[in-house]
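Engineer: These are the residues of each chain, in order.
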Amino acid sequence: MTILARLEHWKEQGAISLEQYSLLSSLSRGEPFSLFLELNLLLYAGVLAFVAGLGWTVSTWSQQIGDVLVLVVLSATLAACFWYCFSRAHAWSPAETTAPSPIFDYVLYLGSLVWCIELAYLENRFHVLSGQWDLYLLATAGFFFFLAYRFDNRFVLSLALSSLAGWFGLTISHWPSHQDAAYRQYAMLYCVLVGVGGVLLQRRGLKVHFFGTYLNIVANVLFWALLSGVFNRQGYGVWFLALLIACGASLAWGLTRRQFAFVAYAAVYGYVGVSSMFLRYVTGDTAVLSYFVITAIAMLVLLVQIARRFGRPA
Amino acid sequence: MRLYTASSEETLRARKLLKEWAGDGILTQAQYQRLQQETISELRTTNIFLRLVLFLFTLITVGGGAALFFVVSRPSEQSSGVFFLIFAGVCYAAAEAVASQARLYRYGIEEALAVCSVIFLCAGMLLAFFSSGPYSPRQHQLESLVLIAGAIFSLWIWRRFGLWYAFLAAMIFAMFLPDYWTSSHSAQHVTITSLYAIGLILVVAVRRRHRFDYLATAYSLVEAFLWLGIYLAMNLQLSSLNLRAQWLGIRTTAASEFARPFYWTTWVLIWCLPPIVLARGVRQKDRFVIAAGAIVAVLTLLSNKPYLGWPRHTWDPMLLGILLTGIALFVRRWLDRGSGRIRYGFTSARLSGKDKEWMNAGSVVLGLVTPQSITPTQQKRSADFGFGGGASGGGGASGEF
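Read top to bottom, the protein sequences are chains A and B. In terms of our numbering, the first sequence has 143 at position 143, counting the first letter as 1, and numbering is strictly consecutive. Position in the second sequence (from 1) plus 1000 gives the number in our numbering.
One chain only, chain B, in its complex shape (with noise of 0.2 Å):
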């Protein structure tokens, strides 16, 4: 079902080890140059920088192509879903060309071939079947059948390419779903939760035959995701806010319409959902899972004043900041206490050159972007009291207070 070979893949795994080993010092110069030599593998790989490149360029060429063709043939509606399903084939046929006779891997090329052909397929399906004749209950809920061909795509090209994101685009595509099904807004939350939580069976299930193999980080990323989408859907609060029906200007639902026994079981499960997915991520000592778990418990303390309808206060945030670094300072010291910094297996200690370079380039961004985003909205001013302009050094130099 995999395009690529588990071979292949283990061995750009291996590969990629032995350079962070090499680096850490854990091994040799002269050991990575004769282990380098075991692991040389057919696929062709490139770095991130030049991946993002030629992905950009890649969507340029299909989407302007695409677009000159409607220009200069001008077809009807009809003839345009055809034809814009003709053309997710041709991508998708051309994604498949490229990484398998070119052994193109995470190579941006066949990464945008293969997000074109979703897009195009969504584009064609809904003007081939669905531009024409009234409106009507029946239509409109046939049209999921658009979504769901996205969701199946996407989990196609999840799994045979191996794309992360494509898996994050089911999930989208499976959220819009009950929009077409139902129209109380409990049954639509329900049902997007029962879905990511079917997911998230699968998923576990499949995971435990791949622990320690080169798909351990990919079922990892798309566990992290299911347990992100699933704590999503039942905050009532957060969904709520649903930005996109307020850019595009529809009323949204108030997290108080909803029936008051559902109201108060998302609460109770917000609640519950955080140690469940820290427990499981601490468990499986899995990164993405933990970080998870991390976020939706900090998603919970953020959204249980608006759940039980109690004032926010300009110093929530202090408090939490203070609850944040004294959990870290506690753990850290905690693991530090044991025997060789390490407790059940857990260490704080940096065991990797990468941790490093994520923090020094996580450093430089973050230290870019923190002072816009900490700058606080205006609240209250009086005649005679302007904190204006926060514009001393990077410390809000946009904002005003």
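With the rest of the complex left out, here is chain A (with noise of 0.2 Å):
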């Protein structure tokens, strides 16, 4: 039975109203059909190609066309931005609210991203700090905060926990050849700032929808710092311990919140730390093999036993 044909049962049950049914048969013909998506990804990509374009017009022409030339237009199109954001905007408020317009959050994205060209731009070219990227990063990220709160906007509020990141010294590209304890140090001390401040904003229910985005973050970052710390050729074990409280917490957080993103993370890289403890000191083919044959079987009957408790389609 299709979905038309048991929406016209329901209605002849009385299950739904004569409105409900129309309403409904009409959305599963695509009667009308929502062109949501597809325009705000157009508008994603459109912006995306103009800060692109932009910033390789600056870095390859700026000697011939000269610092003011690129500072006047680079902060006009800021300064137009971020006017509009700023004029058009509701009145603040601590709970989700919609945006003004359908372009408002994408010329408030846009305003960020050149914010970040110009900024780079001005310190590359006048050394205004003397190279202190840290302070920009820092400051940047404490202003994405602002317009991420203010015009809540979870774009922005990424890229503010993207600087936050690279202040502290992380970015996803320079990841695989800085696994050295300070840099694990920063992530971790990173992930108790980004952790505390999401439940402290979400306690005092500023913006409590963003929490989502600041668990993931700092759920994924906190597991590759400690990841690294268990690889580490000496002084892995109390990583290693880390490593299973952590796979714990988050095993227990996603089965009680129903969130299982964090039940795949805890069995992901719980799966693999463990198994990189396993074969520091295990060689030979056949022992490797019959380990993760064995586990991964393991793997499976745990799994299998939580998707029948808990995990029904989100």
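Keep in mind the hints are simulated off the structure, nothing from the lab. A few of these clues could be false.
Some chain A residues close to chain B (C-beta under 8 Å, calculated; not the full set) [what the hints assert, rightly or not]:
(1) Glu12
(2) Gln20
(3) Tyr21
(4) Leu23
(5) Glu31
(6) Leu37
(7) Ala45
(8) Gly66
(9) Asp67
(10) Tyr214
(11) Val268
(12) Tyr281
(13) Met299
(14) Ile306
Keep in mind that this is a model prediction, so the values were computed, not measured. No residue lacks a Cβ here, since even glycine has one placed at the ideal position from N, Cα and C.
Work from the hints to combine the two standalone chains into their complex.
Structural biologist: Shown next, in the form of structure tokens:
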């Protein structure tokens, strides 16, 4: 029985009203057909392409067109974007708010990215802070946090979190080449700061819907940091213990809150960590492969139990 | 032919829609709970995260098990091929069993078993039939049987289990087939395009019957893949990039090495295809085909200059950005001016809470990824000029201007 036939049946049963029937059957037939997602993606791609071109042009032609013109164009774009956002924004509210116009979020995002380009240009041409990039990153992170909370924008919140990570010396692309102890400590500190900040903001009721973003980013950075400690040649015991505790916490959080991404984090990161410990002491193809077969089956059994008990489609 | 009955899959679809409608407030909680009782399915499903993890661990189990067998028994190359074929059969039987007996549906386990069966089949055929003997052109041609078997078996799994990526795998197998049949690069492109076009004709013919049922989305996705495949096979500038060959260090065919009539025919075709795909998507109100049309349109704009041999400019992406933004704004405004914000059955309004969830998840991921991807590569650098680092904010934290 197709969904249209079912709706007909439910209408005849009196389970749904006539209005509900006509609305739901229209929606099932794609009438009207919403282009909401497609138009938003087009706007996002447009902003991204524009900023990429702007950055490329500025970096290639700045000597020919001159600093003044570059700065005027960048500043004018920046000013126009932020003027638009501040003049159109609704009054601030700690709760989730909708954007005042369909392009609002993208104008804010454009402004934020242009800010990055202008700041990078200023520092590299005029060395205002004598190469103290850390301060730029911190200031930018602070500014983006302000914008994200003022305008309720997840794009900019992600920018703020990645800027803060940059300040802590973390960038995704540099990760594999910097697995040293100092780097790991910064990552842990970042997790503590962002995690505690996220919890405090949530407790105070400030943009509670941002909490999931904080939690997912913290969980991933934390697990990477702990795993890098587990992979160490020496002093990995503490990191392994910390990894197990984090996996337990992630699993408990995922199951109690029915947020199964955290169950997946616990399973995958935990498995990688435990396997790396095991493979330290075991050599020989047969033993290693036997380990993988036995443990993967054990994980399957465990995960199937979890899926049967908790994991219905979210 | 399908492993799951139509009524089971329709019931699952209805259940999913009910949840969505209740979430959007179209149905009351009481109505939702009552109707939910009527949409109880015997199929066992799980959420996307557990599905992915179950898929991963099934792959580890099966892959580890097969590797262990070969390490312990150390068979000859040809015997290994036979064993691989046996493993393929075992994996396929296991996939069928867990899907039909345990009623697993998109559960990760049966999917990984089905995927392993395709991999083992191809590896087994290659080792069992083509591993020994000196190289000869005839044998090289016969090796295409492995790809044909892989493509057919993938198609079977797509049809039987309804796994969309099995269709994609079949398309990838088909993509490499002409390498074995002809050395002419033009003929290879024509062959791939023809194979995909045949597939498209068949899919278009079949999907008419499934406009509003549970198979509508599956066929929509497959049609979008085929349109994309046809376009990518025709666009010589994109094909000449050939990432696989570059990774393997194989010399690739430059677009300019093709015969001029063929080259310019493909240029005309890459301009003709985007409006056709977009028009079809819009007429069918098909989200995936519209997306495929938009992607091929952007790809045409990106590859037009290389096609014509014109130099690229640093401001080209800016113009593209302005064009995309302009189109989005124009379409939105045009739709919003219609009565009830609807024109010709289209609206720019958000009708489902699911769209918002996608937007939220997407904005977080894209917000994190964007700064890495927009950072331009270094173009020129003089002694006194170093626009480096882009470390400001997320904005190019990793890059150097």
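Engineer: Give a verdict on every hint.
Structural biologist: Taking the hints in turn, this is what the structure says about them:
Taking 8 Å as the C-beta cut-off, the interface hint given for Glu12(A) is violated, the closest approach to chain B being about 13 Å. The beta carbon of Gln20(A) is positioned within 8 Å of a beta carbon in chain B (closest approach about 6 Å), and the interface hint is therefore held. This hint is violated: Tyr21(A) has a C-beta 11 Å from the nearest C-beta of chain B, more than the 8 Å allowed. A least Cβ separation of about 6 Å between Leu23(A) and chain B falls short of the 8 Å threshold, and the interface hint therefore holds.
Here the hint on Glu31(A) is kept, as its CB sits about 6 Å from the closest CB of chain B, short of 8 Å. A distance limit of 8 Å between C-beta atoms decides the matter here; for Leu37(A) the minimum to chain B is near 5 Å, and the interface restraint holds. A distance limit of 8 Å between C-beta atoms decides the matter here; for Ala45(A) the minimum to chain B is near 5 Å, and the interface restraint holds. The interface hint given for Gly66(A) is violated, since its Cβ lies 12 Å from the closest Cβ of chain B, which is over the 8 Å cut-off.
Using the Cβ-Cβ criterion of 8 Å, the hint placing Asp67(A) at the interface with chain B is not satisfied: the shortest such distance is roughly 11 Å. Here the hint on Tyr214(A) is broken, as its CB sits about 10 Å from the closest CB of chain B, past 8 Å. Hint status for Val268(A) relative to chain B: holds, with the closest Cβ pair at about 6 Å, below 8 Å. Interface hint at Tyr281(A): violated, since its Cβ lies 18 Å from the closest Cβ of chain B, which is beyond the 8 Å cut-off.
For Met299(A), the interface hint holds, the least distance from its beta-carbon to any beta-carbon of chain B being 5 Å, beneath 8 Å. Among the interface hints, the one on Ile306(A) holds; its C-beta lies about 7 Å from the nearest C-beta in chain B, closer than the 8 Å criterion.
Consistency note: the structure conflicts with the earlier hints numbered 1, 3, 8, 9, 10, 12.
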